Amino acid sequence: MPASKDSDAAFALVRATRAFDTVRAVDDVTLSFARGHTSILIGTSGSGKSTLLRLLIGLEWPTAGEVLCDGRPLRRDRLLETRRGVGYVIQEGGLFPHLTVLGNLGLLPRHLGWNAVRVHQQALELAELTHLHPRLLARFPAELSGGQRQRVALMRALMLDPPTLLLDEPLGALDPLVRHGLQEELREIFRRLGKTVIMVTHDMAEAAFFSSRLILMRRGRVQQDGSLEDFRHAPANEFVREFLAAHRNLPDEVA
Amino acid sequence: MPASKDSDAAFALVRATRAFDTVRAVDDVTLSFARGHTSILIGTSGSGKSTLLRLLIGLEWPTAGEVLCDGRPLRRDRLLETRRGVGYVIQEGGLFPHLTVLGNLGLLPRHLGWNAVRVHQQALELAELTHLHPRLLARFPAELSGGQRQRVALMRALMLDPPTLLLDEPLGALDPLVRHGLQEELREIFRRLGKTVIMVTHDMAEAAFFSSRLILMRRGRVQQDGSLEDFRHAPANEFVREFLAAHRNLPDEVA
Amino acid sequence: MKYRLAALLVCTPLALAAQTAGTPTVDRANTPTVVIGSKNFTESLVLGEIARLAARERGIDVQHKRSLGGTRILWEALRHGDIDAYPEYTGTITHELLHGVPPGAGIGALRTRLAKLGIGITDSLGFNDTYAIGMRDKEAANLHIRSIDDLARHPDLKLAFSNEFMNRADGWPGMKRVYHLPQNARGMDHALAYRALASGAIDAIDLYSTDAEIAYYHLRVLKDDRHYFPRYDAVYLYRLDLDRRAPQFVAALNSLVGTIDAGQMRAMNKAVQIGGQDPTVVAARFLGVQAGGGSIDNFWPQLGRYTLEHLALVGISLSLAIIIAVPLGIFSARHRRLGEVVVGLTGILQTVPSLALFVFMIPLFGIGAEPAIAALFLYSLLPIVRNTHAGLCGIEPSLLESAAALGLPSRVRLWRIELPLALRPILAGIKIAAVINVGTATLGALIGAGGYGQPILTGIRLDSIPLIMEGAIPAALLALVMQGMFEGIERALTPRGLRLRAQG
Amino acid sequence: MKYRLAALLVCTPLALAAQTAGTPTVDRANTPTVVIGSKNFTESLVLGEIARLAARERGIDVQHKRSLGGTRILWEALRHGDIDAYPEYTGTITHELLHGVPPGAGIGALRTRLAKLGIGITDSLGFNDTYAIGMRDKEAANLHIRSIDDLARHPDLKLAFSNEFMNRADGWPGMKRVYHLPQNARGMDHALAYRALASGAIDAIDLYSTDAEIAYYHLRVLKDDRHYFPRYDAVYLYRLDLDRRAPQFVAALNSLVGTIDAGQMRAMNKAVQIGGQDPTVVAARFLGVQAGGGSIDNFWPQLGRYTLEHLALVGISLSLAIIIAVPLGIFSARHRRLGEVVVGLTGILQTVPSLALFVFMIPLFGIGAEPAIAALFLYSLLPIVRNTHAGLCGIEPSLLESAAALGLPSRVRLWRIELPLALRPILAGIKIAAVINVGTATLGALIGAGGYGQPILTGIRLDSIPLIMEGAIPAALLALVMQGMFEGIERALTPRGLRLRAQG
Ligand SMILES: Nc1ncnc2c1ncn2[C@@H]1O[C@H](COP(=O)(O)OP(=O)(O)OP(=O)(O)O)[C@@H](O)[C@H]1O
Ligand SMILES: Nc1ncnc2c1ncn2[C@@H]1O[C@H](COP(=O)(O)OP(=O)(O)OP(=O)(O)O)[C@@H](O)[C@H]1O
Ligand SMILES: [Mg+2]
Ligand SMILES: [Mg+2]
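Protein chains in written order, with this note's numbering: chain A, 1 to 255; chain B, 1 to 255; chain C, 1 to 504; chain D, 1 to 504.
The hints are simulated quantities; they were obtained by calculation from the structure and are not laboratory data. Being a predicted model, the structure only gives us computed values, none of them experimental. Heads up, the beta-carbon is just placed ideally off N, CA and C, and yes, glycines get one too. Each hint should be verified, as a subset may be incorrect.
Claimed, not checked - Counterexamples of contact, computed for chain D against chain C with all Cβ distances above 12 Å: (1) Arg72; (2) Gly106; (3) Ala140; (4) Val281.
What the hints assert, rightly or not - Looking from chain A toward chain C, a few residues come up when the C-beta cut is under 8 Å (computed): (5) Thr30; (6) Gly71; (7) Thr100.
Claimed, not checked - Okay, the calculated bits of chain B under chain D, using three or more residues with CB under 8 Å as the criterion: (8) 24-36; (9) 83-91; (10) 94-102; (11) 190-203.
Chain A extracted, bound-state conformation (with noise of 0.2 Å):
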């Protein structure tokens, strides 16, 4: 899906560039997200994604290029209505450590109006879905293990039921049992509420399951863009073919 301003497009960045000194994060990127689609972002380590998504959500402003929201630049005195449709789970968490599990997901919800009933309801929904136990939801986040945190901050994004997600690695310390069943209920609301959802993954098997556009970056440009077949029989550099060959799957059953 090659860039382009159509008006579809929930996200879109043109010619976008961040430099830090002379370190450019983000160099020069010409992207498009389609509404209710699901993209996702996989690259080294350092070459930008976190930082393409903070420049969606205007944490981060271009220092070229342009960032679109709904086919409009992003404005500075609109941040808080944009950031509100969006749900974003932070690469290391961002929970308040003051508040308990409860408190951190109904703070934007209870600004809004919500009364502590519904709150709870729904933050039982997304325990639920996230099999966090109720219990911790009166916990500190510094009473939770490091996985746990991790589900927090993904319900904390889902509380609103937003319709665009930026996920940074959502899933990344989860264990393969609690991974394996979030992945495949995740995959079937983004679908069935049509959701614009972009993720980050370092799990070449998870970017694959959850959608059939992959964006594979490197010291901040895009090396390829498109289905985990295109990487395989088309491979745009060297690059994207070591990539994939990096994957460790399980040894065979005899070793």
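Model the placement of chains B, C and D with the ligands on the given structure of chain A, informed by the hints.
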């Protein structure tokens, strides 16, 4: 390898329990970790893997049972020595925000009398190992990507070349390419230098690659302790079977 | 629950203040037959207690309102019948209370004049408490100095006198003239003079002839051979209607005439002021009677009044400061440039000395509690503004970003994220301000705001450690209580999540 | 680099102090022919300037050392030849400088007596600056009050007098007697009395007949029909050897005799004190000459001396406080229970009023800079201890744990991890302490420690806003400079890493 007080064990837990209020994060666990070997902890999120590592290094103390280090009970007044012999990678990195990467790496070595040149040399060598650009040594943690930070945390644990390594999901945020290479090199180092390693990972392929001893945990208890073959052919219970089945491989060539 | 933090922070001191304002001032309990008053220095207090105990021995129900104030207050109280008797000095009566009495008038002359006002006077109790000149006994012995005359032979002696003594025509200027003294004297705060004398920094000072320190510091009182200093014989003044209402009491007073010499008075002053003994006990020992209970009826109510006044000063000014300074701190954290200016200005306020600040306050607020509160308010700003600023700037940036990414408006971020996370330094600032405020409020007494400063200032002026302590100890306790209170608030407000280690 | 933080924190103020201590006090520049002195209040300063300018018109090289001190200092300086002339008042000469002169003595009699001491005296400059009684002009007009006599007809008038006036035998007590006044007066700080009068809180006060405020507040000076107040005619005193050394100068002084009436003097005082004009300009306008340059030679060196003294007080006490308070704060953060006690105690120190603290300091340190430094040191502890405590307790627990897991010994953890991470609140505490310190140091002048407090206290006593400002403005500037300095230190010490957002 059943639990025993064999003097060859670098670390051992004897009926150790760590309870938080009502939750038993580690529940009556007896395990011993042989010197020079690599053991892998796997298990569901919140099953007590991190807590187990924290027990070994005295960041947490058992509410019942005992922790042995070199065959003797862990003592508060000798923690400093114990910890210096151990390289520990926290799940969240734990880098000091006010120090550069090099400052973080050199903190302990400088205190132990290394000169700046030696610190720098060692840092460069480790940077090469972890595929981290040397330029990044002058950066502050906040200026790194998630994967870069994780590699710095690993480097910090390796700086003094300690005989023992406790690694809590040390490669979880890395892309397949870097991760693949690093796995090979780490395994080579562990073997060659006879390191005692206890590693937590959620990646079954990675687990099997590093060691023939996997310890599967659930709700604070050890479910099975053995090789991948044992898990496959003689699963201790239904949970073990399920856990293995949850691993998602890359889809076949033609989906 | 949303504004729990703000509410608690602001309301606690305000509640204190409100509670205070509502309480009526000390109520007059059931009035006993006879009321004795005393001035706010040790000797007067002891003489009051002696009179009370002597009367009690004769079975008269006597109340002693101690440390009521200065001469003028006691005199007015006596004339209006608020009290029935108090100890006074002839010199004071001559110079300050009656008009047109010749300086050398005897007690007989005074009695005639006072009678016209309905006031009676006893004969001298036996000692003369006038100005005198004191030196270290050792040095005086070495130099063979016995009288003021002898000073003229030692022009190198360093003299330092209280400012009052320096300025009064009947003080140093006259003395220098009468005794032809060659030295030049310098002015020195009287509270400090004794210490300077004892340390050898100066050689002679003015003092009162019954001061407790004379014995304590081993001083020699120089003889006033030329009778330069007027007589200040101790007497009791009393309402003449007592002759009818309580003749036994008047008899008790008269029984004390001529019984106390200067040495005894000095010893009693010393026992109270330096030995820290109870004036009642000292008086009883002198009379050879039992001290008995319920002695000084006025101590607790008075302390209560000081406390209420002090609480009002501190409570109101601190509440206002919190209400203003926290937003200022927030502002200065938000706008770096302008913020520096704000913090700088609150800093400048802090450098204005309190007396100078009072000078500027009076045209705005008059005299009393208001200017004191205004000044205390201004002095409380800096620590709170500065710490609010530092606290907000110290929040982990990733948490701020996380809050922004959620789409929370900045007001909600402030209340739900930033203020709770900066709570510890903000409260530290408030605690600092509270303690400084309690301390500075003692200066309020300078412009009639009352509070613990009253006994402290009087104590400093009278060089009475017990009187200083009467204000200083409650002030210190109040500071501890306020700190404890805010510690409690901190514990209540700090979510458990912030006290936990983060783990993996 | 290890102790860079500690070194910088402690050394900066110490360096300031050291620099200060090393500098010699104001050096006597090349002495000009004639030196005029003046006392530290406006009128004396203006009269000094008038004499200087009048002499300059006659081509004499004159230096004016302004605001040298009080009567005693000027008199001694004149007698020792440190100065050659200064403005004085006949009443002061009679009462304070010469012995055995009858109160009513004329200038002729004084001249004879002074000549024996080698001192000359001019005739009256034309006005009498004595005590007087003032009321609001409007009210006086309404009540038809023109002289002090008329006060007797209005017993309800509220009178308030300066404490000095209340106490002097030739002040209120005598006046009440002579004029048969029925009112009772109360004492009030003179600095506050004008404001209280203007605001209507009181009706009559004592003042000097040439006070600037008389015109400013629209006051009426009541006639002293019975000549109760002694005459204080303004004159110049000068050394008789000038008749030989600089006869032109003596002629210049004599040319001023009889030229200044009370109204003119009052207007000049007002122009300086309330109008904020330069005394030189005012004096020049009066003489009808050019003000010219280099007028007040003594202003800058004197300001320099105050600054050095003040810097020494602040620098030394603050450095000591940092050295002691930061470890105390560390201790209190490490040992929660005992820590509460430590912080509580430093809080109690803060509640001790400064004058009371000085009282306790003198036996230990004598008089001068030492007790002031000791007191300032104690006052600086609380903000630093409290903020160090809060800062250390506020560090993210995961970072502390991470440091512990590394196997760093606790000393290294403290220096390399904890103190840098708590730097912001610690520095905020130091900044608060520095500013409070600069402000409180002005009280040092009370016990002879000098500094900006000197002009401020004198200004408060003399009710001279310009004099107060002479100390207050530099103090405020110093506070700003210190804050700026620590801001700079903070910027230098805060690693860039702490100013960055954490990102993923
Ligand atoms: N301070 C605490 N208070 C209460 N419960 C805690 C605390 N710390 C950990 N726990 C609980 O202990 C259990 C084990 O936590 P631990 O971090 O060891 O899990 P883990 O196996 O490392 O999980 P993950 O794979 O998600 O990191 C979890 O259920 C967690 O919620
Ligand atoms: N504030 C900053 N200053 C300088 N360089 C930065 C800063 N933030 C990010 N970078 C650099 O920009 C590049 C892209 O970072 P980014 O976090 O987007 O990578 P990423 O693709 O998310 O990597 P990972 O998979 O490791 O999370 C990295 O090389 C990083 O070091
Ligand atoms: Mg990233
Ligand atoms: Mg874990």
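Hints, one by one, checked against the model:
At roughly 6 Å from the closest C-beta of chain C, the C-beta of D:Arg72 falls inside 12 Å, breaking its exclusion from the interface. The Cβ of D:Gly106 sits about 19 Å from the closest Cβ of chain C, beyond the 12 Å cut-off, so the non-interface label holds. Every CB of chain C lies more than 12 Å from the CB of D:Ala140, the least distance being 21 Å, so the non-interface label holds. Listed as a non-interface residue, D:Val281 keeps its Cβ farther than 12 Å from every Cβ of chain C; the least gap is roughly 26 Å.
With a cut of 8 Å, the hint placing A:Thr30 at the interface with chain C is violated, because the nearest CB-to-CB distance is about 24 Å. Checking A:Gly71 against chain C: minimum C-beta separation of about 20 Å lies over 8 Å; hint violated. About 7 Å separates the beta-carbon of A:Thr100 from the nearest beta-carbon of chain C, less than 8 Å, and the hint is met. For the segment 24-36 of chain B, the stated coverage by chain D is violated: 0 residues have a C-beta nearer than 8 Å to a C-beta of that chain, whereas at least 3 were required.
With 5 residues having a Cβ less than 8 Å from any Cβ of chain D, the segment 83-91 of chain B passes the three-residue criterion, so the hint holds. Counting residues of the segment 94-102 of chain B whose CB lies closer than 8 Å to any CB of chain D gives 7, so the stated coverage by that chain holds, three being the minimum. Counting residues of the segment 190-203 of chain B whose beta carbon lies closer than 8 Å to any beta carbon of chain D gives 0, which falls below the threshold of three, so the coverage claim is violated.
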